[in-house]
Amino acid sequence: MDALGNLGQGFASALSLANLGWALLGCFLGTAVGVLPGIGPALTIALLLPITFQVSATGAFILFCGVFYGAMYGGSTTSILLNTPGESGSIITALEGAKMAQNGRAGPALATAAVGSFVAGMVGTLGITFLGPVVVELALKLGPAEYCSLMVLCFVTVSAVLGASALRGLTSLFFGLMLGLVGIDLQTGQPRLTFGIPELLDGVNVVLVAVALFAVGETLFLAWRWHEAKAEVRPIGRLMLSREDWKRSFAPWLRGAALGFPFGVMPAGGTEMPTMLSYYTERKLVKPEHRHEFGTTGAIEGVAGPEAANNAAAAGILVPMLTLGLPTSATAAIMLSAFQSYGIQPGPLLFTQQADLVWTLIASLFIANVMLVLLNLPLVGLWARILTIPPPLLYAGILVFATIGTYGISNSLTDLVLLYGLGVVAMFMRRFDFPTAPVVIGMILGPMAEQAMRQALTISQGDWSTFVTRPVSLAILVLAALALVGPRLFAKRSGAA
Amino acid sequence: MRAPSSAPDLAVGIFVLLLGALGIWQAAAIPVSPIYAQVGPTVVPYAVGAGLLLLGLLLTGSALRGGWSHDLPEVAEAAPANWRALALLGAGLLVNLALIDWLGFVIAATAQFVLIAAAFSSKRPLRDLVVGVLVTLAAYEFFGRVLGVNIGAGVLEGIL
Numbered sequence: 001m002d003a004l005g006n007l008g009q010g011f012a013s014a015l016s017l018a019n020l021g022w023a024l025l026g027c028f029l030g031t032a033v034g035v036l037p038g039i040g041p042a043l044t045i046a047l048l049l050p051i052t053f054q055v056s057a058t059g060a061f062i063l064f065c066g067v068f069y070g071a072m073y074g075g076s077t078t079s080i081l082l083n084t085p086g087e088s089g090s091i092i093t094a095l096e097g098a099k100m101a102q103n104g105r106a107g108p109a110l111a112t113a114a115v116g117s118f119v120a121g122m123v124g125t126l127g128i129t130f131l132g133p134v135v136v137e138l139a140l141k142l143g144p145a146e147y148c149s150l151m152v153l154c155f156v157t158v159s160a161v162l163g164a165s166a167l168r169g170l171t172s173l174f175f176g177l178m179l180g181l182v183g184i185d186l187q188t189g190q191p192r193l194t195f196g197i198p199e200l201l202d203g204v205n206v207v208l209v210a211v212a213l214f215a216v217g218e219t220l221f222l223a224w225r226w227h228e229a230k231a232e233v234r235p236i237g238r239l240m241l242s243r244e245d246w247k248r249s250f251a252p253w254l255r256g257a258a259l260g261f262p263f264g265v266m267p268a269g270g271t272e273m274p275t276m277l278s279y280y281t282e283r284k285l286v287k288p289e290h291r292h293e294f295g296t297t298g299a300i301e302g303v304a305g306p307e308a309a310n311n312a313a314a315a316g317i318l319v320p321m322l323t324l325g326l327p328t329s330a331t332a333a334i335m336l337s338a339f340q341s342y343g344i345q346p347g348p349l350l351f352t353q354q355a356d357l358v359w360t361l362i363a364s365l366f367i368a369n370v371m372l373v374l375l376n377l378p379l380v381g382l383w384a385r386i387l388t389i390p391p392p393l394l395y396a397g398i399l400v401f402a403t404i405g406t407y408g409i410s411n412s413l414t415d416l417v418l419l420y421g422l423g424v425v426a427m428f429m430r431r432f433d434f435p436t437a438p439v440v441i442g443m444i445l446g447p448m449a450e451q452a453m454r455q456a457l458t459i460s461q462g463d464w465s466t467f468v469t470r471p472v473s474l475a476i477l478v479l480a481a482l483a484l485v486g487p488r489l490f491a492k493r494s495g496a497a
Numbered sequence: 001m002r003a004p005s006s007a008p009d010l011a012v013g014i015f016v017l018l019l020g021a022l023g024i025w026q027a028a029a030i031p032v033s034p035i036y037a038q039v040g041p042t043v044v045p046y047a048v049g050a051g052l053l054l055l056g057l058l059l060t061g062s063a064l065r066g067g068w069s070h071d072l073p074e075v076a077e078a079a080p081a082n083w084r085a086l087a088l089l090g091a092g093l094l095v096n097l098a099l100i101d102w103l104g105f106v107i108a109a110t111a112q113f114v115l116i117a118a119a120f121s122s123k124r125p126l127r128d129l130v131v132g133v134l135v136t137l138a139a140y141e142f143f144g145r146v147l148g149v150n151i152g153a154g155v156l157e158g159i160l
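Listed in order, the protein sequences are those of chains A and B. Using our numbering, the letters of the first sequence map in sequence onto residues 1 to 497. Using our numbering, the letters of the second sequence map in sequence onto residues 1 to 160.
This is chain A alone, in the form it adopts within the complex:
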């Protein structure tokens, strides 16, 4: 097996002291930001982007992926002990997990979440190992026209299929596309949408937008609706899983992983949908004698399944990111911009031109998983203590880091004004239920889609029909149209029935 040989080499370089150090730092930071409500992996990686000027690409990506995986582990701790999800993939975990904690079963809930995350993380990473090269094989056959169509499909799924409203999702996406246009056009050198401001010639910085959306906007929104309430952190108790807990958790872990991974791989992105599906599946499949625990004392199946699903989905998201250069979540989009800052073109060529980097990274994912389960089980008390940071200090600290992350880019006041301005926009987006992830994805993927489109049209000598006469491109566009219109038709029919 080629993949195994490559993976072996990957392990050899991932086990170097420096790379292990980056993985450990990433896991540690990731768990911490996962635990803290209000900070997620996307924001953290955005703030860490300057590291790309200092550290080798391999080290930086091991760090980023550690943060990404770690946040998935940490999020469950907050959901269970505080009944407030630490990040979006853990919303469902709070349903049963918090109930278990109320009934003195926080320990088993945390343990099943951590072990389930481990199982699913391993399954998902194995999935990357073997699926990645296959996708690359297929992707190498795609031309610019197909790529452009693929990105259109990605736009539709991240904005219109997920979320409450296609209209609002698409509005967010187009706002992101507009932000992505700002700056000098790479092909003709013309300034676009710069309003004559010289600072905008280089474009709007990704870090700035991510920080504005995920830190400033969130904090402003929280302040707007602020009222003092004492959140209660539940005691952990004994972390042991009893024999019965193991038996009840095992199948949900595997089912959750099996549900989560494909969802991550498909350009539908997000961890919310698979966790929700896993929750309903477990509720249906639970043994009759435990059914009454759902929604009352808390059922362990309802924690084990969704927690496995969100970790497997997180691993799945890395497949299109590494093989096609397509980000399907805000975090992946920011990692993609890190590739760009190294001058590495993400896409199918990554596996051949940067084979060392890719396989070291995949090996590190296995290592990170082991580190995370070790960090999260014995040290869960430490993470729980993070939750006792008083909210005023937490939010003040978040904004200090947001400011430094932005001001550090260019020491320019213009950037700070833009940061706070976009933060106010993001606050209103929260108020009116516009999703924020499509903004980041549109901003990063938009210029890539435009470039692919213009390449395709140059090849076809300006003939727009190239997008529908090439069969693969046409098939992808039809899929995109179905994804846009399909759910609405379906909803209407079932509404009429």
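Calculated from the structure, these hints are not laboratory results. One or more hints might be untrue.
[Unchecked claim] Some, not all, of what chain B presents toward chain A, calculated at C-beta under 10 Å:
no. : residue
1   : A7
2   : P8
3   : Q26
4   : G40
5   : L55
6   : G66
7   : A79
8   : L97
9   : F120
10  : L126
[Unchecked claim] Among the chain A residues that face chain B by a calculated CB cut under 10 Å, a handful are:
no. : residue
11  : S56
12  : N83
13  : D185
14  : T194
15  : H227
16  : F401
17  : F428
18  : R454
19  : L482
20  : L484
[As the list claims (entries may be wrong)] Where chain B lies over chain A, by a calculated footprint (3+ residues, C-beta under 8 Å):
no. : segment
21  : 168-181
22  : 430-442
For glycine and all other residues, C-beta sits at the position ideal for the given N, C-alpha and C.
Given the coordinates of chain A, assemble chain B onto it according to the supplied hints.
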């Protein structure tokens, strides 16, 4: 009980319309270079502007038909707006803007820290001040040393 107003939603629709108009206006302002290209630099900006106009129209239409946001549980069950917190937070951001070029990062960010903590109803300004200085100094050191980001030394950083 009076029916919830959809005026805020209408404002959002109009805002998106204006954004689309802004996009079209800026697309029209792009100088088209004599360099030959199959697709010029203006095609995508026009498309994005037009898309935003269309979405703005649809959002406005949805607002006129009663709006969407008052049905959201998050809005319907939200606590009343806390203008004091928002004003203090805004003041924190403005203070930072005013001071950062003049007195340097640590002082500006500490002032921001204390004001934001006060916004989230902290009653211990002295503790906030101490924590603020420590956090900003740590952040300054971390970004400066580890990430190699120059944040521009100010009064306090110069002394230390």
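Against the structure, the hints:
1. Interface restraint check: B/A7 against chain A, minimum CB-CB distance 12 Å, threshold 10 Å, status violated.
2. Given the 10 Å rule on beta carbons, the hint for B/P8 holds: about 7 Å separates it from the nearest Cβ of chain A.
3. Because the closest C-beta pair between B/Q26 and chain A is about 5 Å apart, less than 10 Å, the hint holds.
4. Evaluation of the B/G40 hint against chain A yields a held restraint, the C-beta minimum of about 7 Å falling below 10 Å.
5. Among the interface hints, the one on B/L55 holds; its C-beta lies about 5 Å from the nearest C-beta in chain A, closer than the 10 Å criterion.
6. Look at B/G66: its Cβ only gets to about 14 Å from chain A, farther than 10 Å, so that hint breaks.
7. The beta carbon of B/A79 is positioned within 10 Å of a beta carbon in chain A (closest approach about 5 Å), and the interface hint is therefore held.
8. The beta carbon of B/L97 comes within 6 Å of a beta carbon in chain A, closer than 10 Å, and the hint placing it at the interface holds.
9. A least Cβ separation of about 4 Å between B/F120 and chain A falls short of the 10 Å threshold, and the interface hint therefore holds.
10. Taken as an interface hint, B/L126 does not check out: its beta carbon lies about 13 Å from the nearest beta carbon of chain A, beyond 10 Å.
11. The interface hint given for A/S56 is broken, as the beta carbon of that residue sits about 14 Å from the closest beta carbon of chain B, more than 10 Å.
12. Below 10 Å, beta-carbon pairs count as interface contacts, and A/N83 has none with chain B, the closest being about 16 Å; its hint is therefore violated.
13. Look at A/D185: its Cβ gets to within about 4 Å of chain B, closer than 10 Å, so that hint holds up.
14. Satisfaction of the interface hint for A/T194 is found here, the shortest Cβ-Cβ separation to chain B being roughly 8 Å, below the 10 Å cut-off.
15. At a threshold of 10 Å, the smallest CB-CB gap from A/H227 to chain B is about 5 Å, leaving the interface hint in force.
16. Using the Cβ-Cβ criterion of 10 Å, the hint placing A/F401 at the interface with chain B is satisfied: the shortest such distance is roughly 6 Å.
17. For A/F428, the shortest C-beta to C-beta distance to chain B is roughly 7 Å, which falls under 10 Å, so the interface hint holds.
18. For A/R454, the interface hint holds, since its Cβ comes within 10 Å of a Cβ in chain B; the closest pair sits about 5 Å apart.
19. Using the Cβ-Cβ criterion of 10 Å, the hint placing A/L482 at the interface with chain B is not satisfied: the shortest such distance is roughly 20 Å.
20. At about 13 Å, the closest approach between the beta carbon of A/L484 and any beta carbon in chain B exceeds 10 Å, and the interface hint on this residue is violated.
21. With 8 residues carrying a beta carbon less than 8 Å from a beta carbon of chain B, the segment 168-181 of chain A meets the three-residue requirement, and the given coverage holds.
22. Taking a C-beta to C-beta cut-off of 8 Å, the segment 430-442 of chain A contributes 3 residues in contact with chain B, enough for the three needed, and the coverage statement holds.
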